[in-house]
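**Student:** Chains A and B supply the protein sequences, listed in that same order. Just so we're aligned, residue 32 is where the first sequence starts under the working numbering, counting upward by one. Just so we're aligned, residue 907 is where the second sequence starts under the working numbering, counting upward by one.
If you're looking for bench data, these hints aren't it; they were derived computationally from the structure.
Under the rule of at most 25 Å between Cα atoms (straight-line distance), these lysine-lysine pairs were calculated in the DSS-like manner:
#: 1; chain 1: A; residue 1: Lys346; chain 2: B; residue 2: Lys971
#: 2; chain 1: B; residue 1: Lys1270; chain 2: A; residue 2: Lys346
#: 3; chain 1: B; residue 1: Lys1111; chain 2: B; residue 2: Lys1009
So you can see what is in the structure, the chains are spelled out below.
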Amino acid sequence: MQAPVIHVNGLTSIVRERLLPVPGTVLARLNQKVSALDVVAQTSWAREHLLLDVTRILRVTSNVADRLITCNVGDRIAVGAVITAGKGLFSRRVRAPRDGRVVAVGGGKVLMEVGVTKVELRAGIPGTVVQVLPNHGVVIQTAGALIQGVWGNGRIASGTLVNLAEKPDGILTVGRLDVSLRGSIILAGIVNDVETLQAAAGLPVRGLILSSILPALIQKAMEMRYPILVTDGFGSLPMNSAAYKLLSTNARRDVTVNAEIHDRYSGARPEVIIPLPISEIPLIPREVETFAPGLQVRMRLAPALGMIGSIVALKSGLTRLPSGLQAPAAEVKLENGETVIVPLVNLEFMG
Amino acid sequence: MPSSWVDGSSLLAIEVGAANTRAVLFDVIESEYRFVASGSAPTTAEAPFKDVGEGVRNAIRNLQKLIGNTLLDESRGLITPSQPNGSGVDTVVVTLSAGPVIKTVIVGLLKDVSLESARRLAESTYTRIVDTIGLNDLRKPDQQIDSLLHLRPDLVVISGGTDGGASRSIQKVLEPIGLACFLLPEEKRPDVLFAGNEKMEDEVKNLMGSLATSLHFSPNVRPSLETEDLDPAERELARMFINIRKRQIKGVDTLDLWSSGHILPTGYATGRMVRFLAKVYGGEKGILSVDIGSSAAIISAGFNRKTTLSVYPQFGLGENLSRMQNYTTLEDILRWSSLDIPVSVLRDYLYQKSLYPASIPATKEDFAISQAVSRQALYLAMQSARRDFPENIATINPTLTPLFESIVAGGGALSDASRPGLSLLLLLDSIQPVGVTTIMLDQNSLLPLLGAAVSQNSILPVQVYKSGAFLSVGTVISPVVAASYGTVVLRAKLNYENGAEAQVDLKYGSIETLPLSSGEVGKLSIQGLRGADIGFGPGRSLTIPVSGGDLGVVFDGRGRPLDLPSDSVRRRELIKKWNWALGGE
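One chain only, chain B, in its complex shape (with noise of 0.2 Å):
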């Protein structure tokens, strides 16, 4: 039994991502929680077991030959709770971004208000925006409707008027919407979320009551023209995800089960944590949390009085490669590769991935164009999510990426912990951090997993994020800095505990490291030359503590916004430089 005040819960955490499922057990060991282990298999949401149930008791059977506990019965029922044999466990939550992509239209009046809010908040979760309605659409209300029977669209997103604004314009935008499910077969109609003026709930139920899949309600995104609340409207929104996925596939039913309803999108689950850490451990500073896997690229940040989540379906590497294409071209892609690599091959190989979303780059060419691919993907995400990024956050310069205290990596192309180089300069080139940051690899995927946590044990998420379940990769220092190759920007002296000491000339356009263990803390003396600025005012010389980890402290001096040479030899040669500057071959 625990001697300490904490609950002695075993928790298993349930990932259903749309390539792998994983089974995540957390316990208490020596009274505080911390994660014990994880099975995974392959996802079974798709043909032809098309129930995801398969998926999830196989990643649990590899659990358990890990643990040496049996957690399901002879029925395959999940035992709970936990029996004094040690079999079972007392709770379970559950992540899911398996399943296609929601198709979704969104609906609104002005371009610039609400159907904005209604895009942020169509964009919390693995939605596609397939059209678009305002009062600014030139199309008529006829063409409108035949859109939506073409489209069918899985989710109508509604937002406009503010509380108790004028209701006309709405009534006019949602008779089409109201029409177009009137025409479509019953079990074709899309689910309805109405997060507009609130005074109009009865008039939206006449019109679209018996009409839509389900028609949902949450207060308005945009009570007012100057305020913008999404968090009650993205929680509606999740619980509405979760039952569009019990229609489409088997099995998410029996899950919501056996979590008793503590079942979340794993992009929404993600925003949840890093809402948490924000608060708890962001300042002045934010919180950011990047995740790029084969359903979708998720970046989620947390600010002093906000969080703003983003899930973009059309930046996973899985099925959707084959259309990043229209986001982006293939010598942008290329751009990051250390090979030299034909663009027909690059297109060939994102249509060839598309098609196996589950496969990985087995070959030295495949990795290369693999890693291009995936900083391209988080570069379009990361420049996608800044958009939404609340005014007034500390930047040094506004058109940068802001200052972070703290920098979260996950999915499967960061998170390979036995590289952790690899993952970090590819964070560096697609996030460009600006200033001083701490990075940390989530090499078990476990964020969006605590974020599932937090409502069924508040206490486990704080106790594993600092149980060092997450690899620190160590503090990178990068200064915003313009210079000619090969001059000298900053000077850093390292101070470490033991009163040694270590220095550096940081040259523009290098990456340089000094060494600094996991768990240790040193004294950084950094003296900005030719006006570079790490968070402190340009050309500031200043002593700050630093956090040590796998790389110990970065310095990237190839300033922001990072310009990688126009001749292709000279830029593959300077990334396979960086490369090896951070631990590779």
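So that you can see chain A by itself, here it is in the shape it has in the complex (with noise of 0.2 Å):
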């Protein structure tokens, strides 16, 4: 059976695609030396639309109320401008009550653009551009640790590392944080607290790293304008030893936090990028692992949820678990020592 595999890989080569959300200006070139800050592509996009009723406000026909429309679609029009023609001294006439711009007309209407704002994609990770896709994005390549998490609340920054956590189930508190934290990414363990994740905000930190987050919290970290990252899963777990182990060892160098929103469609997950340098291009790490001895996984549920173990042997048959469902399964060594009989969906390489 494939075992579904999370990446956490002290080198290799990292390919990701980064793309704008709607279509726009490609500013990065092939082969192009990017930093983890540099815009890549930007594109504008209208938060909001004005639909101006001619018809309407001038108690007209749609046909005359096209006839008497001056403005057309592409004219960036002041606040205030006239866009309709009228006869006589005292004709009503309409006037564009924002700033903005033209996007459709017709029927005795004028649609406006208003409140435009420029989208810059940056680049994300420090790289080589080894694809550009023409009016969406580019794709880029580098080198280095990687760390995959399993919730992120959609933003991306980059700086240097700071360990909080002096182990992987450590908490972080209010108390921890001060001023010399200012534009740091902190490696911490678990947040109880929604005051610690506006404390962080205050500073600010550039990112926080967690093992685990509170569901409680979430919506909270969804407002957060850093990134937080998580690691390992939801309530109060630990953080595995193989992700703990590589970020605390990479404390003080640069890293860039993508805390992607997980997509289980497109494969975009939430990811610590830790930038080495390298002799040569290591090996692209390998999306599908088949379930055999030897196999380091992590646990997705209980028993030992969040644990990582390695497959000792792989049942034959299904076999009945404690909860009396009946699956396929394995004999797993915990790091501990313990060894734990789990079913094989409740497993993922870890490598």
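Work from the hints to combine the two standalone chains into their complex.
**Tutor:** Next comes the structure, spelled out in structure tokens:
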């Protein structure tokens, strides 16, 4: 049976697509070296629209209104500008209520986009542009350590990694956060309160890497303007030893936290990337593995939720579990020496 | 060669679920169609595969191992038709539920008329209604446009206007849809289904024609104010669902080719089979199918003149679990648990499980949580589905579940054939059937596959349904009665075919069983006490034929609606007791 894969890898090639939410202009060139904060593409996006019903305002038919409308698609219009022609000294005229751009005219109406904001797509990871996707974005390749998580708040940032988690189940509290951490990405364990998230925002930090998060804090975490990445799950889970070891030994390095929202269909995952110097390009990690003895796995549900172990043996046929369900299973030796029987669907390969 | 009138075509039915893909073979055995075997494998719609074909081929390979015949050729294509050496199959049907929920905007005129029909239509497949636009919408058109641009729906379902009726109102509500589609990048534009005033087809084409990814028309779901006819629109929507999935997920187009277009959404295929069963087996009472799996809870009820189909992704036990708190409280979920589980543990479980929809409970505690969650999800799904049951159906009390002749239950949480008592108790708690009902467990999840097969082979579904491929749990007697705990509310005597007798005094608050094996029938004499009603009138005594099953005849004396004790310790004791009564540990 094929094993799902989550990457916690000390040195690997990392290839990532960076795409605009709507088509725009790609600024980066093929083979260009980029830093995480470089803007590689940009576009504009109107958050609001205004539909001006000239027919209704002037109390004319739509055909007449169309003849009176003086603006055209694409015109930029300032607030107060007249957009209809009038006859006579006291004729009524329609004025633009806000600055904007005309996107459609017809049927006696004018549709304007207003409140246009510029969207800049940053590289997210330092590396080389290996493909340009015209109007949409780029593909960037780099090499380094890769630590994938299970949850992210959709933000991205880079900064120096500071370790505030002395152990995998450390708890980050407000008292641990001081001004010296401003601009840092903090490796923490568990956060149990909103105040800590807010205090981190107040410094501000550039990112938080957590082992787990309470479901009650998710809404607040989504509101934070800095990236929050969770490595292991929900509740009060310690960080898996592989991720903790890799992150804690890379403290003081520049890292990128791309706390992308996990999309199981596209494969997008929240991840930490630590660029490392290389002498030769490492292999791209495998996305598919097969369950076999010796494979390093993480438990997705109880028993031993979140722990890492090694498959000792695959059980033949179906195994009856303590829950009473029957499923293909494996005998897994955990890091603490204990052995557990786990259904294969509750395991993922970690490497 | 078969010697009967049955055409000897083998049929491979493939179900691509959110978590698992199954390949099921039906063939003629001793002149009748039978379920032969089923192979399964994890679904591969998600990354890194992003192609359902991989999971389908893995499931077929596992099926090959069981049947000892080859179905795939060297280039991994399906061998059709079947060959003299036994390899291959003659026909293929596919059902599909995998994939992200379809973000849907419903559009109509009046809240209680066309918008209700549009909602019912949208809920016949795997949608989540993200916005509703109607005449009573207080937003300005530009606000509606901004909402559509922000939400980026996959699908817009439009209903409204009686045939030949006024068209201006529909034009008014369509305008923001057309403008939003115009503003969206071409590849992000939604599919649009217009199921309103048929006279407006040309106008809708003019307004939306090039702006929707694809524009579909179906007969009006509300040809007049008093009439609702969803069937043709549901059929069209099922086709649109498959087209959307073809764009979203690789491999669906290959399955469409393999099956020569006989590919349906799993929910729709289930509804089709229920309609068929209601015609064949339904009398005054209806036929109910309930299915709860990773992608959705599906409730389909077949009555004399109407079948309803409701697909609720929000009550599925997979990736949507973390949003379940939008529909219920954690305390309401835990009321069903036989173990004392803290609210925080349940909350963490819901979120953790939503990360890994295919995972299963391995410990006793996780199993108790998953059973409680399944109960509440199915309970909520049933409550929602009941809103759309037709009027004038057989009931004991219109506020309770209607009378059903038979309930067929499937899906991961219900089809564990090794412990039918657990599945039955889950059904009794969540569906709360009343009167006399036979219960079948669809242990091999065949119902949707048979529904898909109907169009290819109309004999196969009947013969397989009657063949014993579904596990008969037994006949359930559920009196509607109010009494104090421990009061006898019903006396029953079962006369077996061999002349033996068995009796039971059913006390309020308890569950009792009388053995009656699968395939056996008996005569059950019932005397209702304290005004107990099993569908023949309060306190009536009568004798009815009953059929057996794994658990025989089951008497549920807990009253309707089921009222669990508020004292948590007593409640958990009772749940354990009810579980033991049905053979649980």
